[in-house]
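The whole structure should be built from the sequences, with the hints applied where relevant.
The residues making up each chain are set out below.
2 protein chains.
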Amino acid sequence: MVRNAERRLILADAGVRVLAERGARGLTHRAVDAAAGTPRGTASNYFPSRDDLISALVDRIGERLLPGPDAVSSDGTRAPDRALFADYVRDVVRRLSADPHVSLALFELRLEAARRPSVAATLGAWRQRAFQDDVTFNDASGLPGGPTEIALLHYAIDGLMFDHLTAPLDTGLSVDAAVSALVDRILR
Amino acid sequence: MVRNAERRLILADAGVRVLAERGARGLTHRAVDAAAGTPRGTASNYFPSRDDLISALVDRIGERLLPGPDAVSSDGTRAPDRALFADYVRDVVRRLSADPHVSLALFELRLEAARRPSVAATLGAWRQRAFQDDVTFNDASGLPGGPTEIALLHYAIDGLMFDHLTAPLDTGLSVDAAVSALVDRILR
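Taken in order, these protein sequences are the chains called A and B. Here the first sequence is numbered in this note's numbering, starting from 1 and rising by one per residue. Here the second sequence is numbered in this note's numbering, starting from 1001 and rising by one per residue.
Just so you know, these hints were derived from the structure itself, not from any lab. Any given hint could be a false lead.
[Claimed, not checked] If you want a taste of the chain A side facing chain B, the calculated C-beta under 7 angstroms gives, among others:
1. 25
2. 113
3. 123
4. 124
5. 128
6. 131
7. 155
8. 156
9. 159
10. 160
11. 167
12. 169
13. 172
14. 173
15. 182
16. 186
As the structure is a computational prediction, the values presented were derived from the model and not from experiment. Heads up, the beta-carbon is just placed ideally off N, CA and C, and yes, glycines get one too.
The following block contains the structure:
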């Protein structure tokens, strides 16, 4: 069983790499096996359909975006003020920047969602839950920023990461400066 | 010559369609000929290399994003205030929403730019020029918003359009409301 769980993880990580490096159309069971170094047929064994494969990738992307041990603490020792909220947003951006394959894979899947309703359903449900969790978290911890602010920040940070990870504009702003300015202005 | 220019346009529009519908990896000379209904070999005749084809698509995307006759006027009859700037931004969003293939094709090319330096060069130069033009335009017409505000709006509108054209989150905000809130908060 452990063996299976491990192999599942290796295959999912290989899938994320394939998506990031070759785009959604490059994502085939065969490409995943090649990237994972597993015998041909292994990926199809674990994820029989392309939808199963994409579901597994969405789950794995979610895991890789979870806060690590060095993340900003939410243990309640800090006041739930603008500064703490800004630190949370900076934390998310740090995680996205540190693992560019995950962000690129996610952008690829979102474009694929524009073409395939089944991908839109899987990915849409996951993103909607994440958005709702953010809204609930801010509300429960007394942080500033309601649904509107969180929505606007989602859009802005997405656009910033898309720029940063593809062919960035020279706008005179570093990613850090842009994040600070966005939080400062959107959160009012 | 007219015939050639027309055919060039038909091929470029077919290329935009292929990009939007099949992604960057689906963009081949053969797919462009099929989408354009031209004999095989035509696209290669007009755009010998893939880089030539992508260059032509970037140019065509730029043309399709130009303001039409119904755009907000910049003839100097309105005061260069926040309201006029907000109207310009809404105009851009309207053009992007009305021609989703162009926006999707552009996102595909930007992801391709993360993988191919030649695409990054072509696309990067075009986007940098567009950004610089925006900054110069605002400055010359006395509109509010300098490089920082224009950069932040670029990011935020990109993220908003990406969401809107793929599997949109239900954030409780319409595209219009999000644009107004973003302009209002970023432009201070």
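Hint-by-hint comparison with the structure:
no.: 1; hint: 25; in the structure: holds (4 angstroms)
no.: 2; hint: 113; in the structure: holds (4 angstroms)
no.: 3; hint: 123; in the structure: holds (6 angstroms)
no.: 4; hint: 124; in the structure: holds (4 angstroms)
no.: 5; hint: 128; in the structure: holds (6 angstroms)
no.: 6; hint: 131; in the structure: holds (5 angstroms)
no.: 7; hint: 155; in the structure: holds (4 angstroms)
no.: 8; hint: 156; in the structure: holds (4 angstroms)
no.: 9; hint: 159; in the structure: holds (3 angstroms)
no.: 10; hint: 160; in the structure: holds (4 angstroms)
no.: 11; hint: 167; in the structure: holds (4 angstroms)
no.: 12; hint: 169; in the structure: holds (5 angstroms)
no.: 13; hint: 172; in the structure: holds (5 angstroms)
no.: 14; hint: 173; in the structure: holds (5 angstroms)
no.: 15; hint: 182; in the structure: holds (6 angstroms)
no.: 16; hint: 186; in the structure: holds (5 angstroms)
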